[in-house]
Amino acid sequence: MIEPSPLRTVWFGVALSDLWFVVVFWFLAMFLFLDGWDFGVGAVFALRDDRHEREQCLAAIGPFWDGNEVWLVVFGGGLFAAFPAVYAALFSRHYLLLFGVLGTLILRGMAPEFYEQREDEAWRRWWGRAFVAGSVGAPFLLGVFAGNWLLGVDGVALASVVVGLAVIALNVASGAAFLRLKTTGGLRDEMPALGVRAAAAYLALVVVALGLLALRPGFGDALLTPVPAALVAGSVLLGVGYVLAARRDRPYVALGAAGGLTGALVALVAALLYPTVEPMTGLTVEEAIIGAPAVELLTVGAALLIPLVLTYFAVLYSAFSGPIDAEESY
Amino acid sequence: MVDPALASRLQFAVTTVVHIIFPVMSMGLAPFLVYFTWKEVRTGEALYERLRRFWTKIFAVSFAVGTVTGLVLEFEFGTNFAAFSAAAGELFGGPLAVEGMMAFFLEATFLGVFVFGRERVSDRLYFLSSVMVGLGTWLSAVWILVANSWMQTPRGYELARESGRLTVLLTDPIAAYANPRFPWMFVHMQNAAVLSVALFMAGVAAYHVYRRRHLGVVDGGNLDAEFWRATLKVALVVLLITAPLQVLHGDAYGRHVAETQPQKFAAMEAVWETDSYVPEYIVAFPTSVDDLLNPRAKDIFGIGIPGGASWLASGGNAQAEITGLNEFEGSPPVAVVFWSFRAMVALGFWFVLLAFWAGYRWRTGELFEDRLLHKALMASSVLGILGVELGWIVTEVGRQPWVIQGVMRTTEGVSPGLTGTEATLTLAGFVGGYLVLLSLYTYVVGRLIRRGPETEDGAEPTLPDRERDPGIAPAATEVSEDD
Chain A
1 MIEPSPLRTV WFGVALSDLW FVVVFWFLAM FLFLDGWDFG VGAVFALRDD
51 RHEREQCLAA IGPFWDGNEV WLVVFGGGLF AAFPAVYAAL FSRHYLLLFG
101 VLGTLILRGM APEFYEQRED EAWRRWWGRA FVAGSVGAPF LLGVFAGNWL
151 LGVDGVALAS VVVGLAVIAL NVASGAAFLR LKTTGGLRDE MPALGVRAAA
201 AYLALVVVAL GLLALRPGFG DALLTPVPAA LVAGSVLLGV GYVLAARRDR
251 PYVALGAAGG LTGALVALVA ALLYPTVEPM TGLTVEEAII GAPAVELLTV
301 GAALLIPLVL TYFAVLYSAF SGPIDAEESY
Chain B
1 MVDPALASRL QFAVTTVVHI IFPVMSMGLA PFLVYFTWKE VRTGEALYER
51 LRRFWTKIFA VSFAVGTVTG LVLEFEFGTN FAAFSAAAGE LFGGPLAVEG
101 MMAFFLEATF LGVFVFGRER VSDRLYFLSS VMVGLGTWLS AVWILVANSW
151 MQTPRGYELA RESGRLTVLL TDPIAAYANP RFPWMFVHMQ NAAVLSVALF
201 MAGVAAYHVY RRRHLGVVDG GNLDAEFWRA TLKVALVVLL ITAPLQVLHG
251 DAYGRHVAET QPQKFAAMEA VWETDSYVPE YIVAFPTSVD DLLNPRAKDI
301 FGIGIPGGAS WLASGGNAQA EITGLNEFEG SPPVAVVFWS FRAMVALGFW
351 FVLLAFWAGY RWRTGELFED RLLHKALMAS SVLGILGVEL GWIVTEVGRQ
401 PWVIQGVMRT TEGVSPGLTG TEATLTLAGF VGGYLVLLSL YTYVVGRLIR
451 RGPETEDGAE PTLPDRERDP GIAPAATEVS EDD
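Just so you know, the protein sequences line up as chains A and B, in that order.
Residues in the first sequence are numbered from 1 upward in steps of one, following the numbering used here.
Residues in the second sequence are numbered from 1 upward in steps of one, following the numbering used here.
Looking at chain A on its own, in the form it has when it is part of the complex (with noise of 0.2 angstroms):
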């Protein structure tokens, strides 16, 4: 029996506990944008009627979501790795909730593959349920667990309902500016509205959200230090920025905003809950994180793999770059 070394581990002046709290939610935001508007087209997909425009909707997203959905899966195991207290506490303790996740993101996951092997009616109305299922169910709860994580809470709090609803919201809005980019004929020309009304409603529930917030106590002096106070104006201006290029069809800016959004309600997240990382237990960072040897081989593992997992998306996206053809399908 050794006793754990309590010395930190720092490199060029980081901790390396910091760098993963950091990168762990890195994993997340990454998960919650690039996944999220896989999420927001099954949401339109739920709009539309017709049958073109909802193949449309999943040729989209095809050749995507599976690397994209492997952002949660790092995620989960940089958690696992890099702070193993805090992975099995918090998934132990929302049993039930991970669960639903689970359910939602196997009835995403399976419905485009199964649509598309039949012709008939039913099923493809069964699975297109299904896909639409998946897709607003695994952000709202995605979402109820991020909002009790930072609330360190069980069960469901409010406040964690109207983070759910917002993640939600702004998937929607990374979905049509996605599909904006991706698509052609009418299901192209609304997506611009949709978007503007989705921008909206995210930031009308992340204001409803911080309000429920500012009542817990600790919350509403934390709010207001810098770095929170900075990412709630940021969303704003970002909010404005998406409106704005979305009215004056800039695709690109449009999703550039949409996960600058995303990347400010992550970071609030991660800020408002810093140095802790799992409230309930109380664990900072420097009590979580692996020893020594264990995290310096992680970080070499991780400086390796990051850049190379960069460029297989580099290699992805362009790839499929532009407009889907008319002839394409899922």
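The set of hints was computed from the structure by calculation and includes no laboratory data.
Computed from a predicted structure; not experimentally measured.
Every residue gets a Cβ at the ideal spot worked out from N, C-alpha and C, and that includes glycine.
Please note that a few of the clues may not be correct.
Unchecked claim - Okay, the calculated beta carbon distance ranges per label pair:
(1) Thr311(A) <-> Glu45(B): 52 to 62 angstroms
(2) Pro180(B) <-> Pro226(A): 18 to 28 angstroms
(3) Leu304(A) <-> Glu329(B): 16 to 26 angstroms
(4) Leu293(B) <-> Ser318(A): 52 to 62 angstroms
(5) Tyr317(A) <-> Trp38(B): 17 to 27 angstroms
(6) Tyr317(A) <-> Ala230(B): 33 to 43 angstroms
(7) Thr171(B) <-> Pro323(A): 48 to 58 angstroms
(8) Leu304(A) <-> Gly302(B): 46 to 56 angstroms
(9) Glu121(A) <-> Pro183(B): 45 to 55 angstroms
(10) Val247(B) <-> Trp123(A): 24 to 34 angstroms
Given the coordinates of chain A, work out where chain B should sit on it, guided by the hints.
Same frame as chain A, but now just chain B:
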């Protein structure tokens, strides 16, 4: 309500048993897809394009189901085995995180290119994407097996107590991750995956050849002999290599288990008392109901090879001593391990026999005529996957009661706050949900197989028509109203 520990273990068992089917399909199909793509790009022959397209569809469905069921497993470590995750996360979480970063991203992003990008990227990048997908599936196995093999033969760690809680600290990464079990598991698993898919392909091809739908007659533009004959030949070449290799490797692997996990080996052979000159029982039944879970009870009816188990454990010494289960703390459910091991080995020998039989018929020029062989191949199409399941049962049930061999018991790893109600609810949900998922997967893959490949001009195939094809039994045509 069920005890949360028991419900968690059952749930993990159900989710892994179902999940493993899909990685086996994708790991096993990957080398075939690389080969077909390479031939397609090099020769430009329509046959290879059709082979690639057809088997890619099955790969894509398998991958989608594999992704979501794999995510479930990752989450279950946190939700159901939080005590294990908190204690061993330092060693165990790393490989899982690296699997995501190194393997899963590679597979998922290049699968997008591979499935959707034939018209959009150059031949070179297209072929590269098939290699990347294959590499991704195999690297996934590397990291999952690094994590799993460490639990079987843990090395490179020290134990610490942090506020009374046991923690496993990584001290020597090379010893931990290049642990003794890893190479054995990796070779056995990957060869099993390729073998299983070769059997599956051979069974599917034999089905179409057997139905005599493809004997040189192009019917309705979609039914041709060439496609299925080529599939059968490719599958048989791979079967002839992988089936004997699996048996030879399995034999050596057994000795390795005897050396490193004697408790598991004793369970595989159901040896309770330490003894030498231990027989290898081919079958063994207790004659008393009280001993139902003990296949080698005193009141035994069995057929055994004298000294066989000792001979296997030691690599040739029939007098070698085998440590009995009574010498260890706790024991796994012996009957499960004993019978799973026997069934797996029997399947292994059957695959060798089948491969040689088919190879002989190929040589004599009767590969497409031997209807008994076709029936045997059809009947064996999913037996490779069954063999993998049985192998994993031996591996995972055989190491109980330990979650980390000799370090942590499985019951100590369960989430402390988990209630029986929660665990039972999700267990029921998974049993029901996974049954639906498996039926859907079987239905969709079965339908793809019955429809066969697309025609050469890329048109969707039509389902076999009863009137046009009277040779098809009614059972095989029940889906003709699908479209």
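Hint-by-hint comparison with the structure:
1. Thr311(A) <-> Glu45(B): 52 to 62 angstroms: violated, 32 angstroms
2. Pro180(B) <-> Pro226(A): 18 to 28 angstroms: violated, 53 angstroms
3. Leu304(A) <-> Glu329(B): 16 to 26 angstroms: Given range 16 to 26 angstroms: violated, Cβ gap about 42 angstroms.
4. Leu293(B) <-> Ser318(A): 52 to 62 angstroms: holds, 59 angstroms
5. Tyr317(A) <-> Trp38(B): 17 to 27 angstroms: holds, 26 angstroms
6. Tyr317(A) <-> Ala230(B): 33 to 43 angstroms: Because 35 angstroms falls inside the window, the suggested range holds.
7. Thr171(B) <-> Pro323(A): 48 to 58 angstroms: holds, 55 angstroms
8. Leu304(A) <-> Gly302(B): 46 to 56 angstroms: Taking Cβ atoms as reference, Leu304(A) and Gly302(B) lie about 54 angstroms apart, which means the hint holds.
9. Glu121(A) <-> Pro183(B): 45 to 55 angstroms: Hint holds: Cβ distance 53 angstroms, inside 45 to 55 angstroms.
10. Val247(B) <-> Trp123(A): 24 to 34 angstroms: violated, 43 angstroms
Hints 1, 2, 3 and 10, counting from the list given before, are not met by this structure.
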